[in-house]
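Enquirer: Keeping the supplied structure of chain A fixed, place chains B and C upon it in accordance with the hints.
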Amino acid sequence: MTLKMKTLIAGASGIAMATLATGAQAEPKTNMMHQWAQGSEAAAIAKLGEMFEAAGGTWEQTAISGHTSNTLAKLRSDVVSGNAPAAVQLKGPEIAEWNATGATANLDEVAAAEGWDDVVAPELVSVMKPTGNWVAAPMNIHRVNWLYSSPKILGELGLDVPKTWDEFNAACDKIVAAGHTCIAHGAADWSDSTTFDSIVYGMDIDLYRAAFQEADVDAMRSQGMIDAFAQLRKMVGYMDDGINGRSWEQSMTMTMTGEAAFFLMGDWTVASANLAGFVEGEDYYCHQTPVNWDGDGFILNADSVVFFNQKDEDYIEGQKLLAQIIMSPEFQVTFNVAKGSIPSRTDVDLSEGGFTQCQQKGLEDLKASVEQGTLVRSMAHNMTVLQKYRGAMMEVITEFVADDSITPEEAANQLADAVELQG
Amino acid sequence: MADTTHQSFDPLATGSRARQTRSRSIVYLLLGLFALLYLSPLVIIFMNAFRPLEEIVREGFISLPNMLSATYWVEAWSTFCIGGTCEGVSRYFSNTLLMTVPATILSTAIGLVNGYALSKWRFKGDTWVFGLITLGVFMPAQMTLLPWAFVLGKIGLSNTIAGLVLVHTVQGISFTTLFCRNYFLAVPDDLIKAARIDGAGFWRIFRRIMLPLSPPILIVCVIWQFTGIWNEFLFGTVFTSGSNQPITSAIVAFSGSGTGERHYNVEAASVIFAALPPLFIYVIGGKYFVRGLTSGAVK
Amino acid sequence: MMADPSNATRPRLSAILSGWTPQLVLVPTLVAALVYVVIFSLWTIWISVSKSTLLPNMAYGGFGEYAALWQSKRWIVSYQNLFLFGTLYVVGSLVTGTLLAILIDQRVRFESVWRTIFLYPLAISFIVTGTVWRWIFHPQTGVEKALHDIGWLSAQFDWITDRDMALYVVIFTGIWHSSGFAMALILAGLRSVDADLIKAAQIDGASMPRTYRKVVLPTIWPIFVAVTVVLLQFAIKTYDLVVALTQGGPGVATTVPAIVVYDLMFQRGQIAQGAAAAVMILVALALVLVPYAIWSGIRAKREAAHHG
Numbered sequence: 001m002t003l004k005m006k007t008l009i010a011g012a013s014g015i016a017m018a019t020l021a022t023g024a025q026a027e028p029k030t031n032m033m034h035q036w037a038q039g040s041e042a043a044a045i046a047k048l049g050e051m052f053e054a055a056g057g058t059w060e061q062t063a064i065s066g067h068t069s070n071t072l073a074k075l076r077s078d079v080v081s082g083n084a085p086a087a088v089q090l091k092g093p094e095i096a097e098w099n100a101t102g103a104t105a106n107l108d109e110v111a112a113a114e115g116w117d118d119v120v121a122p123e124l125v126s127v128m129k130p131t132g133n134w135v136a137a138p139m140n141i142h143r144v145n146w147l148y149s150s151p152k153i154l155g156e157l158g159l160d161v162p163k164t165w166d167e168f169n170a171a172c173d174k175i176v177a178a179g180h181t182c183i184a185h186g187a188a189d190w191s192d193s194t195t196f197d198s199i200v201y202g203m204d205i206d207l208y209r210a211a212f213q214e215a216d217v218d219a220m221r222s223q224g225m226i227d228a229f230a231q232l233r234k235m236v237g238y239m240d241d242g243i244n245g246r247s248w249e250q251s252m253t254m255t256m257t258g259e260a261a262f263f264l265m266g267d268w269t270v271a272s273a274n275l276a277g278f279v280e281g282e283d284y285y286c287h288q289t290p291v292n293w294d295g296d297g298f299i300l301n302a303d304s305v306v307f308f309n310q311k312d313e314d315y316i317e318g319q320k321l322l323a324q325i326i327m328s329p330e331f332q333v334t335f336n337v338a339k340g341s342i343p344s345r346t347d348v349d350l351s352e353g354g355f356t357q358c359q360q361k362g363l364e365d366l367k368a369s370v371e372q373g374t375l376v377r378s379m380a381h382n383m384t385v386l387q388k389y390r391g392a393m394m395e396v397i398t399e400f401v402a403d404d405s406i407t408p409e410e411a412a413n414q415l416a417d418a419v420e421l422q423g
Numbered sequence: 001m002a003d004t005t006h007q008s009f010d011p012l013a014t015g016s017r018a019r020q021t022r023s024r025s026i027v028y029l030l031l032g033l034f035a036l037l038y039l040s041p042l043v044i045i046f047m048n049a050f051r052p053l054e055e056i057v058r059e060g061f062i063s064l065p066n067m068l069s070a071t072y073w074v075e076a077w078s079t080f081c082i083g084g085t086c087e088g089v090s091r092y093f094s095n096t097l098l099m100t101v102p103a104t105i106l107s108t109a110i111g112l113v114n115g116y117a118l119s120k121w122r123f124k125g126d127t128w129v130f131g132l133i134t135l136g137v138f139m140p141a142q143m144t145l146l147p148w149a150f151v152l153g154k155i156g157l158s159n160t161i162a163g164l165v166l167v168h169t170v171q172g173i174s175f176t177t178l179f180c181r182n183y184f185l186a187v188p189d190d191l192i193k194a195a196r197i198d199g200a201g202f203w204r205i206f207r208r209i210m211l212p213l214s215p216p217i218l219i220v221c222v223i224w225q226f227t228g229i230w231n232e233f234l235f236g237t238v239f240t241s242g243s244n245q246p247i248t249s250a251i252v253a254f255s256g257s258g259t260g261e262r263h264y265n266v267e268a269a270s271v272i273f274a275a276l277p278p279l280f281i282y283v284i285g286g287k288y289f290v291r292g293l294t295s296g297a298v299k
Numbered sequence: 001m002m003a004d005p006s007n008a009t010r011p012r013l014s015a016i017l018s019g020w021t022p023q024l025v026l027v028p029t030l031v032a033a034l035v036y037v038v039i040f041s042l043w044t045i046w047i048s049v050s051k052s053t054l055l056p057n058m059a060y061g062g063f064g065e066y067a068a069l070w071q072s073k074r075w076i077v078s079y080q081n082l083f084l085f086g087t088l089y090v091v092g093s094l095v096t097g098t099l100l101a102i103l104i105d106q107r108v109r110f111e112s113v114w115r116t117i118f119l120y121p122l123a124i125s126f127i128v129t130g131t132v133w134r135w136i137f138h139p140q141t142g143v144e145k146a147l148h149d150i151g152w153l154s155a156q157f158d159w160i161t162d163r164d165m166a167l168y169v170v171i172f173t174g175i176w177h178s179s180g181f182a183m184a185l186i187l188a189g190l191r192s193v194d195a196d197l198i199k200a201a202q203i204d205g206a207s208m209p210r211t212y213r214k215v216v217l218p219t220i221w222p223i224f225v226a227v228t229v230v231l232l233q234f235a236i237k238t239y240d241l242v243v244a245l246t247q248g249g250p251g252v253a254t255t256v257p258a259i260v261v262y263d264l265m266f267q268r269g270q271i272a273q274g275a276a277a278a279v280m281i282l283v284a285l286a287l288v289l290v291p292y293a294i295w296s297g298i299r300a301k302r303e304a305a306h307h308g
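Chains as they are written, first to last, in my numbering: chain A, 1 to 423; chain B, 1 to 299; chain C, 1 to 308.
You may find that some hints are simply not true.
Per label pair, the in silico range of CB-to-CB distance [to be verified]:
#1 A:V125 x C:H148: 25 to 35 Å
#2 C:M58 x B:V43: 47 to 57 Å
#3 B:N66 x A:E410: 25 to 35 Å
#4 A:V279 x C:N57: 28 to 38 Å
#5 B:N66 x A:G132: 52 to 62 Å
#6 A:D166 x C:F83: 44 to 54 Å
#7 A:V125 x C:M58: 27 to 37 Å
#8 C:L153 x A:N292: 32 to 42 Å
#9 C:P209 x B:D189: 26 to 36 Å
#10 A:Q213 x C:V38: 20 to 30 Å
#11 B:V43 x C:S18: 51 to 61 Å
#12 C:I294 x B:V101: 38 to 48 Å
#13 A:D404 x C:V38: 31 to 41 Å
#14 B:A162 x C:N57: 27 to 37 Å
Output of the computed footprint for chain A on chain C, the stretches with three or more beta carbons under 8 Å from beta carbons of chain A [to be verified]:
#15 129-143
#16 232-238
Just so you know, these hints were derived from the structure itself, not from any lab. Where is the CB? At the ideal position from N, CA and C, for every residue including glycine.
One chain only, chain A, in its complex shape (with noise of 0.2 Å):
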């Protein structure tokens, strides 16, 4: 750890050494704005933080907790006001969409010289270099596709964890008769989404591409998805009837303690259950969500950092430092332990730092999707269409699940609908 810290702050200096050279007399400067304000997330932030001023740099960040928006809105306000941020927390095909009005800086320098493109999980690449340089850097992989189980309640009727949407209906089924809710759920359009991710996912992995990574609205109005909608409604009749005004970390308490058998839901939920005290292996398990197909399955969500133009030289130096270290094995470590996610380089070893069991077996799963073919980008964490479509789409599956009356067949022609609208 500590030997690398050294290569890293050589590494660093050489950069100072060579702006040196050519006369520009750089401080590394850096003003960072990102969303996690607070608990081990802001504790990660801070380490790169820490990591940024041992390498010689001066660090200042903006957080901006709460909504997505408000990081947004205060990105625009900024770039309208004349004083683009120099380092963003962006996902998804917002990079692209940032890069497509000029106002990204360009990374390839550094990741060349890093050897960024041997080492990023290749699914991640395309999203950050969207017109083939890099201008952001992955800082990790979260898992979407996560079905916590409760011991207590498999146990009691003798269940095992259900591997295809029949057996978890099957199980459901017997769950309910026992007295128990099946599916803890909080209800909102994120989180009504990510269940709809796993579900057209499990289901049918071409249909999934074709409506939620490519927008196609033939495959939205398609029978497949119209029996992932009823999938989706057999699931909310397995849910409780409390499930509005829920958050997630209650629904994920439900299942810890066994009031609830399942709870699908992203890696950060590990994170929040060790926190609170939970064990893994007893209090809950960690699966993969159902598959109809055979292998293993894994949705991916990211966060990165987007480096924005800038005049001032000592920032410019300091989004190379950055983006240097966010891409470092120590500080993907650091980060990625706190936050229940994998590094999104795929040659760092989980077996130490003190990642959990869940998320090592993350990491395998990751690289036998890559290798069997199945691995895909999140539609309801926003790795894949632009905004304005995920954003329709979510209304439509959000209203699906608060509405009883909406058909599955008129929810997939809803989803195509909204989409086309949006032009």
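Expert: Chains B and C alone, transformed into the frame defined by chain A:
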């Protein structure tokens, strides 16, 4: 209570003694019921500020504390990590004060004079001027965000507290002008006419007649502006960066639909800290609600 | 309206200026209001028909965004909600605020304590109080659970999870938040009323409710106008409350226009459509304010004719 002694009349002082007692009990009963309803969320926030996180997560929010611990209050004020800086809410507190106090004073003072001019010195087109100023209260903040960003960028005030003071003052004048103008309308015009015949000018009448009449509406303006600006989140977040951010940036962290874990107890304590200055103003301002500052007192 | 100094002869300049003092005092506010109200609105209207997406873009793009907006279910629901919420919330807060102000005006003991209790909701960010009300209203953490715990197992109180009732939860919480401020303004108004007027009514033998209805409240009608305007702007700008309480759910049942504007402009990078939604908010406002302006204009004329 000191603030009730000067009241010059008692509306309930009619009818028989028995009827008065009955009316009075009804008044207290109603006040008590409303108070209970109004206080319930505060009580819940307060209790959760003393409970260990594990207890809250396991037992839910609405339940009595098993044990009381004051450590979360200390943590909230001085050591809790928000945005990577572990100095609690104290750091944001002073930013917010620096923004709220000037903006409140400026907008209240300007609004008071505006209200006076618009209600007691009628001129052709005055209702149009008043109408235009009042329209300002309806501008949705989300809509004005980008134009403000552009204006602040042009005049060199982006990412400064001075910029926020400007935004809040401009917004606030609409409200304070509205409040003061409509309050002063109830002041008899005869008072002003008499003073004008005596040769008093605009400012003299303002000082001698209007100011002494203003305390109740002044405190309303100050309450409105102070709490509004204190709790405002959007402008504070969007128009400042890093260490200049206001306390609401810390408070809103609690609402987060983010994927991190939540420290409900520390959050609850922080919320109460953030609410103390407005509450302080309510209590202090209370004594300016005295009746008796009516025409009789000025004549 | 402004004095033109060039026409004034020197010795009379100061005299003329002092004659214009009321107008001069208003000039800075007027300039600010022109920029803030007129120019910002015009800018938004132009942006709504522009080609703006991620960032503002001044090139003309037509009225397509309005068409798209009005085909969105979420927008239509939110626009309907604005009118229902606006009406019930404004009326509810006015009635509650007036009642509280009159109660406090009865020479009650500990007046400032009562006043502070009813005002404090304004002091705490909605983001927080909305969350607490959500816990109270939620069947599994709040009132329903408490009733079940004390043995009333059939008790049901799940408005917040019911599509048809959730908006009323939002309205209730809104009234809880702002009625205290209505109370403060009305109380200030009550205290501006000439005490002699009330004494006279009492000497005439009017009862307490009658004194208020016939003498006191009509005197302070401008205050009620001010309170209504304040509540109306709250209704139109409602954002935090809904985000903290229901996040616009179940489904889109409690979405309000300000949420749609913010989402379109900032979350989804559809600035033109967001501006179109903002313009529609201004239209809704005009639907309320224009009839009021016409009515008060007619009233003023009639009064002038009456007195003349």
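Enquirer: Now tell me if each hint is right for this structure.
Expert: Against the structure, the hints:
no.: 1; hint: A:V125 x C:H148: 25 to 35 Å; result: violated (53 Å)
no.: 2; hint: C:M58 x B:V43: 47 to 57 Å; result: holds (53 Å)
no.: 3; hint: B:N66 x A:E410: 25 to 35 Å; result: violated (49 Å)
no.: 4; hint: A:V279 x C:N57: 28 to 38 Å; result: violated (54 Å)
no.: 5; hint: B:N66 x A:G132: 52 to 62 Å; result: holds (60 Å)
no.: 6; hint: A:D166 x C:F83: 44 to 54 Å; result: holds (47 Å)
no.: 7; hint: A:V125 x C:M58: 27 to 37 Å; result: holds (36 Å)
no.: 8; hint: C:L153 x A:N292: 32 to 42 Å; result: holds (40 Å)
no.: 9; hint: C:P209 x B:D189: 26 to 36 Å; result: holds (29 Å)
no.: 10; hint: A:Q213 x C:V38: 20 to 30 Å; result: violated (46 Å)
no.: 11; hint: B:V43 x C:S18: 51 to 61 Å; result: holds (56 Å)
no.: 12; hint: C:I294 x B:V101: 38 to 48 Å; result: holds (41 Å)
no.: 13; hint: A:D404 x C:V38: 31 to 41 Å; result: violated (48 Å)
no.: 14; hint: B:A162 x C:N57: 27 to 37 Å; result: holds (30 Å)
no.: 15; hint: 129-143; result: holds (count 6)
no.: 16; hint: 232-238; result: violated (count 0)
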